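**Student:** Here the protein sequences come in this chain order: A and B. Position 113 of the first sequence, counted from 1, bears residue number 113 in this note's numbering, the numbering being contiguous throughout. Position 107 of the second sequence, counted from 1, bears residue number 107 in this note's numbering, the numbering being contiguous throughout.
Treat the hints with care, as some may be off.
What the hints assert, rightly or not - Under the rule of at most 30 angstroms between Cα atoms (straight-line distance), these lysine-lysine pairs were calculated in the DSSO-like manner:
1) A:Lys63 x B:Lys241
2) B:Lys336 x A:Lys49
3) A:Lys63 x B:Lys303
4) A:Lys98 x A:Lys49
5) B:Lys100 x A:Lys90
6) B:Lys336 x A:Lys63
7) A:Lys49 x B:Lys347
8) A:Lys2 x A:Lys109
9) A:Lys90 x B:Lys346
To be verified - Looking from chain A toward chain B, a few residues come up when the C-beta cut is under 7 angstroms (computed):
10) Ile25
11) Lys28
12) Thr46
13) Arg58
14) Ala66
15) Leu70
16) Gly79
17) Lys81
18) Asp86
19) Gly95
20) Lys98
21) Ile101
22) Ser104
23) Leu107
24) Trp108
As the list claims (entries may be wrong) - What the simulated footprint calls covered on chain B by chain A, stretch by stretch (three residues with Cβ under 8 angstroms from a Cβ of chain A suffice, anywhere in the stretch; the number is not a length):
25) 257-270
26) 282-288
27) 319-326
28) 357-367
29) 385-393
30) 404-418
No lab work stands behind these hints, which were simulated from the structure alone. Bear in mind the structure is a predicted one, so any value in this text is a computation, not a measurement. Each residue gets a CB set at the ideal place from its N, CA and C atoms; glycine is no exception.
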Amino acid sequence: MKTRLYLLAHGRSGDKGNDCNIGIIARKEEWYPFIENTVSAGEVETFLKPLAEGPVERFELPKLGALNFLVRNALGGGGSKSLRLDAQGKTYAQGLLKMPIEVSDDLWKEVQEFWGDRMPNISTD
Amino acid sequence: MIRIASASGYWGDWSQAPGLQIRSGPIDYLVLDYLAEVTLSIMSRQRAKDPNTGYATDFLTDVGTLLPEIVEKKIKVIANAGGVNPRSCAKAFLNIAREKGLSGIRVAVVEGDDVLSLLNGRPDDPAIASLTADEKPYPEVQDRLTAAHAYLGCAPVVEALQADADIVITGRVSDPGLFLAPIVHHFEIAGDDWDSHAFGTVVGHILECGGQASGGNFLGGWETVPDLDRLGFPIAEVHDKSHATITKHESLGGLVNEAVVKEQLVYEIGDPKMYATPDCYADFTTIQLSDEGDNRVGVAGVKGNGRPEKLKVAGYYEDGWMVSGQISYPWPDAEKKAQAAGELLKKRTINLTGDVFEEWRIETVGYNACHGNLSTSQSPDEVTLRVAARSQDREACEVLGREFSPLVLTGPPGATGFAGGRPRPSRVHAYWAGLIPRDWVNPRVEVLEL
Chain A
1 MKTRLYLLAH
11 GRSGDKGNDC
21 NIGIIARKEE
31 WYPFIENTVS
41 AGEVETFLKP
51 LAEGPVERFE
61 LPKLGALNFL
71 VRNALGGGGS
81 KSLRLDAQGK
91 TYAQGLLKMP
101 IEVSDDLWKE
111 VQEFWGDRMP
121 NISTD
Chain B
1 MIRIASASGY
11 WGDWSQAPGL
21 QIRSGPIDYL
31 VLDYLAEVTL
41 SIMSRQRAKD
51 PNTGYATDFL
61 TDVGTLLPEI
71 VEKKIKVIAN
81 AGGVNPRSCA
91 KAFLNIAREK
101 GLSGIRVAVV
111 EGDDVLSLLN
121 GRPDDPAIAS
131 LTADEKPYPE
141 VQDRLTAAHA
151 YLGCAPVVEA
161 LQADADIVIT
171 GRVSDPGLFL
181 APIVHHFEIA
191 GDDWDSHAFG
201 TVVGHILECG
211 GQASGGNFLG
221 GWETVPDLDR
231 LGFPIAEVHD
241 KSHATITKHE
251 SLGGLVNEAV
261 VKEQLVYEIG
271 DPKMYATPDC
281 YADFTTIQLS
291 DEGDNRVGVA
301 GVKGNGRPEK
311 LKVAGYYEDG
321 WMVSGQISYP
331 WPDAEKKAQA
341 AGELLKKRTI
351 NLTGDVFEEW
361 RIETVGYNAC
371 HGNLSTSQSP
381 DEVTLRVAAR
391 SQDREACEVL
401 GREFSPLVLT
411 GPPGATGFAG
421 GRPRPSRVHA
431 YWAGLIPRDW
441 VNPRVEVLEL
């Protein structure tokens, strides 16, 4: 089943100079190992290429069920120099959560159960 | 146990928060953070025009007005509202106290973070390093710096609390250090007790962005957060030097659960094993959260590992001008028309100014402004064109600002929503982060009494 990371994780992002920190958190602790195995630094770097030059470093926080991505050269100069609407990378976590992922039928069932009738309508086109 | 209440996450945060924190339940400390990376640069420009300015004036209006209640409830206030001029901020605050007929108020001023003249006296000094490899080397920026502030740790704030200050007004004390200070003071934490410093730093990191730790900006279920109109900012009940409960006043809105706290924990942390402040390295991978009931999250288990040898410095220099403006386009072909209008505006500007711009940005809000080509949106029914550019030439930025309104009659059809006058150029405050030896910086504490 093809879906997007957003259904399995939430997160928050912000700036440090011209770098962006993107923290991604498993919505259920049991999903953390899958996310850790699936979302590598390399894939994030490729996916975010239109937004950020990189490189991307990944850090694991298994006790929090979270990953932190330090994305270098991400904000078009950072601070007040950046010309971007989102000069501080506040929306980058939500951008990264658009990442398409492939989940097993079993995991997809868990995802459906987790969301119930709150399940967002997320296109994978 | 002490209760530390957060009431501001940056300069411009919610002015109702301090009043709600003070009036909705018991607290011991009210702590307010006003300083983001670029704030000090803006404040130093203000001070250059008027030597009595350069601090967060919101602090006077939002907290000064509450002073009689703060005094009555014996709440201690700690704020880095002093910006680049903590002394003037403290004096203005004392004036408010005087006007309200209060006396016996002790206001501590924490200074010593301003290192501009120190740096100016040490050109090409190899002891001054860049924070990261991507940062320019110091010699490339040394002649241009207009402000430079070292991040102070919690020590001078602890000293102020020990001197029985009621209100502590600081310059650039690190954000978590403002919250760590009352913990170190109350639990008499030893200077080399790194685990306890790291614990207090983690508590500070959770609280330093205000409502972000009690349901604001919460992606993990924003639509489930109750009563954001009366958002209760986060409060830490610190039980001892290794265990705290993050909560909020029961009667207020918001949400404190593990998912909310986790989002704040992973916010802007870099390497989580080595979260660096002037006070310690905190290892965020050791944090143990626990569910302690409705709107109560336990924080424990935090390990620390020494402290950085050098202090971080935030340096600023002016680097030309920028201007940005917006104008909207409807269906049909909203995005195409916006893109064409953006290119047109750029051409018309350059026809007049020549190619004097360092960078251009043409983006369509509603289509690709936030996430660029990650966007999966179909053609939207309406978009807002946003054009921004940067140049050393202020006049060229003025010209660009004047080119927006003519688009209404002379560009693609349907341009609307252009109001509020011509966009004006603003100064670009470039940011330089460096490291300097710790012993170059001498924090100073002085208590002013009314």
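**Student:** Determine for every hint whether it applies to the structure shown.
**Tutor:** Results of checking the hints against the structure:
1. Of the supplied pair hints, the one linking Lys63 of chain A and Lys241 of chain B holds, its CA atoms being roughly 21 angstroms apart against a limit of 30 angstroms.
2. At roughly 23 angstroms between alpha-carbon atoms, Lys336 of chain B and Lys49 of chain A fall within 30 angstroms of each other, so this suggested pair holds.
3. Taking the CA atoms of Lys63 of chain A and Lys303 of chain B, the gap is about 13 angstroms. The hint holds against a cut of 30 angstroms.
4. Only pairs whose Cα atoms come within 30 angstroms are accepted, and Lys98 of chain A paired with Lys49 of chain A is accepted, the gap being roughly 14 angstroms.
5. A distance of roughly 41 angstroms separates the Cα atoms of Lys100 of chain B and Lys90 of chain A; the hinted pair therefore is violated under the 30 angstroms criterion.
6. For the suggested pair Lys336 of chain B and Lys63 of chain A, the alpha carbons sit about 47 angstroms apart, so the restraint of at most 30 angstroms is broken.
7. Only pairs whose Cα atoms come within 30 angstroms are accepted, and Lys49 of chain A paired with Lys347 of chain B is accepted, the gap being roughly 28 angstroms.
8. Distance restraint check for Lys2 of chain A and Lys109 of chain A: the Cα-Cα separation of roughly 13 angstroms lies within the 30 angstroms cut-off, and the hinted pair is therefore satisfied.
9. Taking the CA atoms of Lys90 of chain A and Lys346 of chain B, the gap is about 27 angstroms. The hint holds against a cut of 30 angstroms.
10. Look at Ile25 of chain A: its Cβ gets to within about 5 angstroms of chain B, closer than 7 angstroms, so that hint holds up.
11. Taking 7 angstroms as the C-beta contact cut-off toward chain B, the hint placing Lys28 of chain A at the interface is violated, the least distance being around 10 angstroms.
12. A hinted interface residue such as Thr46 of chain A counts as satisfied when its beta carbon comes closer than 7 angstroms to some beta carbon of chain B; here the least separation is about 12 angstroms, so the hint is violated.
13. Annotation: interface hint on Arg58 of chain A violated; nearest CB of chain B at approximately 11 angstroms, more than 7 angstroms.
14. Satisfaction of the interface hint for Ala66 of chain A is found here, the shortest Cβ-Cβ separation to chain B being roughly 5 angstroms, below the 7 angstroms cut-off.
15. Interface restraint check: Leu70 of chain A against chain B, minimum CB-CB distance 6 angstroms, threshold 7 angstroms, status holds.
16. A cut of 7 angstroms between beta carbons decides the hint on Gly79 of chain A: the least distance to chain B is about 4 angstroms, and the hint holds.
17. Interface hint status for Lys81 of chain A: upheld, as the beta-carbon distance to the closest one in chain B is roughly 5 angstroms, under 7 angstroms.
18. For Asp86 of chain A, the interface hint holds, the least distance from its beta-carbon to any beta-carbon of chain B being 5 angstroms, beneath 7 angstroms.
19. Hint status for Gly95 of chain A relative to chain B: holds, with the closest Cβ pair at about 4 angstroms, below 7 angstroms.
20. This hint holds: Lys98 of chain A has a C-beta 6 angstroms from the nearest C-beta of chain B, less than the 7 angstroms allowed.
21. The restraint placing Ile101 of chain A at the interface with chain B is violated, with a minimum CB-CB distance near 14 angstroms, outside the 7 angstroms limit.
22. The beta carbon of Ser104 of chain A is not positioned within 7 angstroms of any beta carbon in chain B (closest approach about 23 angstroms), and the interface hint is therefore violated.
23. For Leu107 of chain A, the suggested interface contact is broken, since its CB lies about 19 angstroms from the closest CB of chain B, more than 7 angstroms.
24. Annotation: Trp108 of chain A was flagged as interfacial toward chain B, and the flag is violated, the nearest CB pair being 20 angstroms apart, outside 7 angstroms.
25. Counting residues of the region 257-270 of chain B whose CB lies closer than 8 angstroms to any CB of chain A gives 10, so the stated coverage by that chain holds, three being the minimum.
26. For a cut-off of 8 angstroms, the count of residues in the region 282-288 of chain B with a CB near a CB of chain A stands at 5, and the three-residue condition holds.
27. Under the rule that three or more residues need a Cβ within less than 8 angstroms of chain A, the assignment of the region 319-326 of chain B holds, with 3 such residues.
28. Given as covered by chain A, the region 357-367 of chain B passes the check, having 5 residues with a CB less than 8 angstroms from a CB of that chain where 3 are the minimum.
29. Counting residues of the region 385-393 of chain B whose C-beta sits closer than 8 angstroms to any C-beta of chain A gives 4, which meets the bar of three, so the coverage hint holds.
30. Under a criterion of three residues with beta carbons nearer than 8 angstroms to beta carbons of chain A, the stated coverage of the region 404-418 of chain B fails, only 0 such residues being counted.
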